[in-house]
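Colleague: Here is how the chains run, residue by residue.
Protein chains: 2
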Amino acid sequence: MARYIDIHCGFVGATEQQLREAHRDRLAVEGTEGVRFEKAWLDPESGTAFCLCTAPSREAVLRAHERAGDPTAEVYEISIEVAS
Amino acid sequence: MARYIDIHCGFVGATEQQLREAHRDRLAVEGTEGVRFEKAWLDPESGTAFCLCTAPSREAVLRAHERAGDPTAEVYEISIEVAS
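Chains Y and D supply the protein sequences, listed in that same order.
For the first sequence, the residue numbers in our numbering are 91 to 174.
For the second sequence, the residue numbers in our numbering are 91 to 174.
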């Protein structure tokens, strides 16, 4: 398992409720791809959303997002993490 | 105070030690701008790094990164967050 951050655009003006619904749609497909979505952040001004997840592969993340209806090609495997 | 994610590129092949040093350089300038850097993630294959921080403004984040020697224009105010 590895960790990934992916980036989505096009969410200008989206609300917390909409982000919550998108996250719920992702959680609904987690099992099919072995992906565990942890967090989602949204900048409603630029319409940019970020997801943090754990998954068996980059391809699994791509497929899970596609199944959830919010495909993105911007998936980064963050193999290194530093916390304060 | 608000939360921000910023994106940096150009770290292809960087190591955990290098990410740790970059993070330390950021922590050293936190006080001057009121920025609190929480986490940094790195995808060494694409050379993409992400920072999560709390700050009084987007401009403060921009200035803190500039002072730390790793400027970026890609700073997103993530006013909405959802966790699983």
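For the record, the hints were derived by calculation from the structure and aren't laboratory data.
Glycine included, C-beta positions come from ideal geometry on N, C-alpha and C.
Hints may contain errors.
[Claimed, not checked] Every beta carbon over 12 Å from chain Y, so not counted as near; a handful from chain D, in silico: (1) M91; (2) A104; (3) L109; (4) T122; (5) E128; (6) A130; (7) P134; (8) E149; (9) R153; (10) E156; (11) R157; (12) P161.
[Stated by the list, open to error] Partial pick of chain D residues on the chain Y-facing surface, computed with a CB cut under 10 Å: (13) E106; (14) R110; (15) E123; (16) R126; (17) T162; (18) Y166.
[Claimed, not checked] On the chain Y side, residues computed to face chain D include the following (Cβ under 7 Å): (19) H98; (20) C99; (21) F101; (22) V102; (23) V119; (24) E123; (25) T138; (26) A163; (27) E164; (28) Y166; (29) I170; (30) A173.
Colleague: Does the structure break any of the earlier hints, and which numbers would those be?
Modeller: When the structure is compared with the hints, numbers 2, 3, 5, 6, 7, 15, 17, 19, 20, 21, 22, 23, 24, 26 and 27 turn out to be violated.
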